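Those protein sequence lines, which keep their order, are chains X and A. Just so you know, the numbering used here puts the end of the first sequence at 73, numbered straight through with nothing missing. Just so you know, the numbering used here puts the end of the second sequence at 203, numbered straight through with nothing missing.
Simulated from the structure, these hints should not be mistaken for lab results. Since the model is a prediction, treat every value here as computed from it, not as a measurement. Glycine included, C-beta positions come from ideal geometry on N, C-alpha and C. Just to be clear, a hint being listed does not mean it is correct.
Covered stretches of chain A (in silico footprint by chain X; criterion: 3 or more residues with CB under 8 Å from a CB of chain X, positions within the stretch not fixed) [stated by the list, open to error]:
id: 1; stretch: 101-107
id: 2; stretch: 184-190
In silico BS3-like links for lysine-lysine, alpha-carbon gap of 25 Å or less [said to hold, decoys possible]:
id: 3; chain 1: A; residue 1: Lys119; chain 2: X; residue 2: Lys11
id: 4; chain 1: A; residue 1: Lys124; chain 2: X; residue 2: Lys5
id: 5; chain 1: A; residue 1: Lys152; chain 2: A; residue 2: Lys116
id: 6; chain 1: A; residue 1: Lys152; chain 2: X; residue 2: Lys6
id: 7; chain 1: X; residue 1: Lys11; chain 2: A; residue 2: Lys116
id: 8; chain 1: A; residue 1: Lys118; chain 2: X; residue 2: Lys3
Beta-carbon label-pair distances, calculated as ranges [stated by the list, open to error]:
id: 9; chain 1: A; residue 1: Lys152; chain 2: X; residue 2: Ser49; range: 51 to 61 Å
id: 10; chain 1: A; residue 1: Asn148; chain 2: X; residue 2: Ser16; range: 39 to 49 Å
id: 11; chain 1: X; residue 1: Arg55; chain 2: A; residue 2: Leu127; range: 21 to 31 Å
id: 12; chain 1: X; residue 1: Ile42; chain 2: A; residue 2: Asn148; range: 16 to 26 Å
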Amino acid sequence: MGKTKKIQFNKDIYSSSAIKNTIAAFESFAKFEFRDEKKYYIVRFSSLSGGDGARTLLDEICNYALAARKKCQ
Amino acid sequence: MVFNLLTKIYHLESILNTCYKFLDRAYIYLDAKKKNEIIVRLKLKKKSSKKALLNLQNEFMNELLYNALRYHISNNNRKIREYIIGRAVYSAVPGLDTLSAEKVLNFEEDPLGIAVPWEEKHGKNKKNSV
């Protein structure tokens with residue numbers, strides 16, 4: 001398993017349903033941990049494949065969350 | 074590339090719509106540290122020069138301006154749009170205006186007997202009187 005990475009999604013911008021949909025979509029690529037904090041939704045994940053893919057996975061998760069945010073409007 | 078946008082100028086909705094348009098070409102992450110300020114992090118999907126990234130940012134800003142304008146027009150026209158749709162939906166529902174109008178205009182029913190000829194109505198009386 002790869003190194004654990006963390007993404008902070010601001011609550012003013014991203015909705016919790018969008019983040020949950022994103023986690024569900026990427027579940028086969030990484031192991032996720034979701035936390036609801038004061039101003040942010042914290043998502044920690046470790047890539048299942050390991051290697052250099054974690055950075056790309058992080059970027060893809062950010063993009064997916066943004067698209068999901070628009071869908072969940 | 075990271076830059077800030079003021080939500081007083083660009084509404085969050087127009088920022089999101091702009092980001093949505095660039096999702097196929099760039100990785101985008103949004104954050105907000107201060108009130109009324111959105112931080113945008115843009116990163117091209119393909120490895121490319123700094124100039125390409127700058128071009129992307131300029132394109133993003135243009136698209137943002139366009140989306141901001143669309144948002145304002147949409148907001149200004151909201152009431153008239155709702156009125157037009159309301160009228161269209163109302164007139165499309167059967168049984169409101171159309172049915173009652175048809176009932177009134179159905180000349181074959183003739184409940185008052187206006188279409189009955191005078192001879193049919195008063196023929197007997199006439200014969201009797203002659």
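Results for each hint:
no.	hint	verdict
1	101-107	holds (count 5)
2	184-190	violated (count 0)
3	A/Lys119 - X/Lys11	29 Å, violated
4	A/Lys124 - X/Lys5	30 Å, violated
5	A/Lys152 - A/Lys116	39 Å, violated
6	A/Lys152 - X/Lys6	44 Å, violated
7	X/Lys11 - A/Lys116	22 Å, holds
8	A/Lys118 - X/Lys3	22 Å, holds
9	A/Lys152 - X/Ser49: 51 to 61 Å	53 Å, holds
10	A/Asn148 - X/Ser16: 39 to 49 Å	27 Å, violated
11	X/Arg55 - A/Leu127: 21 to 31 Å	22 Å, holds
12	X/Ile42 - A/Asn148: 16 to 26 Å	34 Å, violated
In terms of the numbered hints stated before, the structure departs from hints 2, 3, 4, 5, 6, 10 and 12, listed from lowest to highest.
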